[in-house]
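Asker: Could you build all of it, start to finish, from the sequences and the hints given here?
So for the sequence shown, my numbering puts the first residue at 10; every next one is plus one.
Source of the hints: derived by calculation from the structure; they are not laboratory data. Given the structure is predicted, the values throughout are model-derived calculations rather than measurements. Do not rely on the hints blindly, as some may be mistaken.
Stated by the list, open to error - So the derived label-pair ranges between C-beta atoms look like this:
(1) 362 to 13: 24 to 32 Å
(2) 188 to 44: 28 to 36 Å
(3) 367 to 190: 28 to 36 Å
(4) 174 to 268: 22 to 30 Å
(5) 104 to 276: 52 to 60 Å
(6) 127 to 275: 46 to 54 Å
(7) 43 to 268: 35 to 43 Å
(8) 275 to 96: 53 to 61 Å
(9) 131 to 44: 35 to 43 Å
(10) 272 to 329: 31 to 39 Å
(11) 367 to 326: 21 to 29 Å
Glycine is no exception: its CB is placed at the ideal position from the N, C-alpha and C atoms.
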Amino acid sequence: MIMRILDRYVLTEALGPFVVALAAFIVLITGHMLFQVVEVIVEHGVPLPSVLRFVVLQVPNAAVMALPVATLMGCSLGVNRLASDHEIVAVRAGGVSLARMLVPLWGLGLIASVLTLAVSEGAVPWSRAEAEQLVREMVLRRQSLAFEPQKFVDTGQGLQVYVGDRGATQDELLDVMIFQTQRNDYPVAFVAPRAVFRGERLYPISPITYVFDGSGMTTLRSAGVEVDLRQVGSGGVGGISGPTGFAEMTIAQLSEEHRRQEQVAPGSGRSYALEMHARLAMAASCLVFAALAGPVTLRFARGQSLVGVLAAMIITFGYFLVMIWTRTLGEGGVLPVEVAAWLQNAVLIAAAAVAIIRLR
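Answerer: So this is what it looks like as structure tokens:
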């Protein structure tokens, strides 16, 4: 009975900061997204409800990124509060070990891990698909949104489009170059001084066609090529990044695609395997941070200071840097998939175990 009261008390101390931190990080991430598209609203007259809906659809993805850090903040602040009032000393004097006292925090980390995985598997693919559809609708309503000046846009039709500038009207683009890849890997380039929108298509005006092959280049005048705007939207649109690839797939779909790719060519499914393990490792990081927060905070806690919390945040920053680095090495084949995805988790959980033993 006494231990249950203690568990509830410790959990309550961490739960409040956890919820506040989770809400704050979600607002910051989605707010950053809104800041990125303010220019789109002003310059292109995109309806504000459409932009806000797009930002709201980013909340599940923001939650997946925020949950690990919120877990760390909640556990660190909870332990820091208990330590600053010397309650941990009193509990340990009563015969309760440090590890037993931190069990509720590990439980919070486990719940956060399950929640992270559930959101990334259930809500994120749906929200990304809905955001993709919304981007396509915005492109068809404001066609110039599909093409940013001085940037390449992948149309999803084997065409790369480069636009020098927008015209005086919303249905005109200037200095347009369209690159089309061929089976022999040599491109065909269509260069036009201007292009116009007609319905759901973009048409270059008076284009010159450059055909490249192994022996040189051939210049032709032709009717050019048309771009179907219904296929545009999987790339960036006016500063809004559309969802692509792995993010829209569940772990089951990634596993199936990995199996299919490996059957076709061994090793070709590496990216799918890495994404699966990375997604699971991200979910598990909530539990890792919950285990790490207690000993790190206690190691640096001094009176009413937040040095321990700051130390935990610095370690978290290092965690994400290492995660990016190991994933890059994994994609390049330098590290095995499992090592690339789980190395930082293994190191931190081992460090947490050692720290708890030393604080006994």
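Asker: For every hint, state whether the structure bears it out.
Answerer: Outcome of the hint check:
no.	hint	result
1	362 to 13: 24 to 32 Å	25 Å, holds
2	188 to 44: 28 to 36 Å	32 Å, holds
3	367 to 190: 28 to 36 Å	59 Å, violated
4	174 to 268: 22 to 30 Å	47 Å, violated
5	104 to 276: 52 to 60 Å	56 Å, holds
6	127 to 275: 46 to 54 Å	33 Å, violated
7	43 to 268: 35 to 43 Å	39 Å, holds
8	275 to 96: 53 to 61 Å	57 Å, holds
9	131 to 44: 35 to 43 Å	28 Å, violated
10	272 to 329: 31 to 39 Å	34 Å, holds
11	367 to 326: 21 to 29 Å	23 Å, holds
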